[in-house]
Amino acid sequence: MPFANRVLIPLLCIGLAVGAAACAKKAAETPSTTPAQLSVTGLDLGRSVGGDKRVTEKVSDFRPHDVIYASVLTSGASPNAVLRARWTFGDGQLVSESEQTIAPSGDAATEFHVSKPDGWPVGKYKVEVFLNGTPAQSKDFEVK
Amino acid sequence: MGLFGSKDDKKKDKPKADFSNVQSGGSSTAPSPAIPAGKTYVVQKGDSLSKIAKREYGNANDWPRIFEANRDIIKDPDLIHPGQTLKIPSA
Numbered sequence: 066m067p068f069a070n071r072v073l074i075p076l077l078c079i080g081l082a083v084g085a086a087a088c089a090k091k092a093a094e095t096p097s098t099t100p101a102q103l104s105v106t107g108l109d110l111g112r113s114v115g116g117d118k119r120v121t122e123k124v125s126d127f128r129p130h131d132v133i134y135a136s137v138l139t140s141g142a143s144p145n146a147v148l149r150a151r152w153t154f155g156d157g158q159l160v161s162e163s164e165q166t167i168a169p170s171g172d173a174a175t176e177f178h179v180s181k182p183d184g185w186p187v188g189k190y191k192v193e194v195f196l197n198g199t200p201a202q203s204k205d206f207e208v209k
Numbered sequence: 318m319g320l321f322g323s324k325d326d327k328k329k330d331k332p333k334a335d336f337s338n339v340q341s342g343g344s345s346t347a348p349s350p351a352i353p354a355g356k357t358y359v360v361q362k363g364d365s366l367s368k369i370a371k372r373e374y375g376n377a378n379d380w381p382r383i384f385e386a387n388r389d390i391i392k393d394p395d396l397i398h399p400g401q402t403l404k405i406p407s408a
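Just so you know, the sequences run in chain order A and B.
So the number in the numbering used here is just where the residue sits in the first sequence, counting from 1, plus 65.
So the number in the numbering used here is just where the residue sits in the second sequence, counting from 1, plus 317.
None of these hints come from the bench; they were simulated from the model.
Bear in mind the structure is a predicted one, so any value in this text is a computation, not a measurement.
Any given hint might turn out to be false.
Derived DSSO-like pairs: lysine-lysine, alpha-carbon spacing no greater than 27 angstroms straight-line [claimed, not checked]:
#1 B/K404 / B/K368
#2 B/K333 / A/K191
#3 B/K362 / A/K191
With the hints as extra help, turn the sequences into a complete structure.
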């Protein structure tokens, strides 16, 4: 084997091996740089929310003339996600349904609120939260 | 029906609460999507993408627009489920 080949071939092999290792490392690192998928991490009810859209005091019992707030806590990122709140009374009678389209890049809070000028009928209620149409969390509450 | 009526009859007699004047709203710390999302539509029983496209755009053949806007939740355009919330791109 000529001298040039004896030197060049091993060098070429080393170069290819280093390149392959670098590619493998890059592929393995990719998932850690991908933003976490958006998920609902909490649902709180209260009579008011602060500027951070979180309820100031968590409650599960309300009075007939309260404005009822549901604060939905999310984690992760999404360029376009739909949060839907579905409020029901008693055995499932629909009270209200509304949506918020959000594009969070990290932890976020989204509030939904409902009010009834002539007062809520006393009884048991439920709020269900859906993320992109999939049930995420729900909470029962009562108007007394 | 028995002398005192059945349990079901009593259920039927109970008036439903009136929630027609309920006011609702909301806000978020998260920004809105950079590209206007258009409106959304909640899939009802018996819906298909063609039916929704016909209703929203007046042309059933426009269904791929809805499919493309919802690729994240629709894997098969022939298979959508009641309760799914679809993004409807502006006409």
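Quiz item: What are the numbers of the hints that this structure violates, sorted from low to high?
Solution: When the structure is compared with the hints, none of them turns out to be violated.
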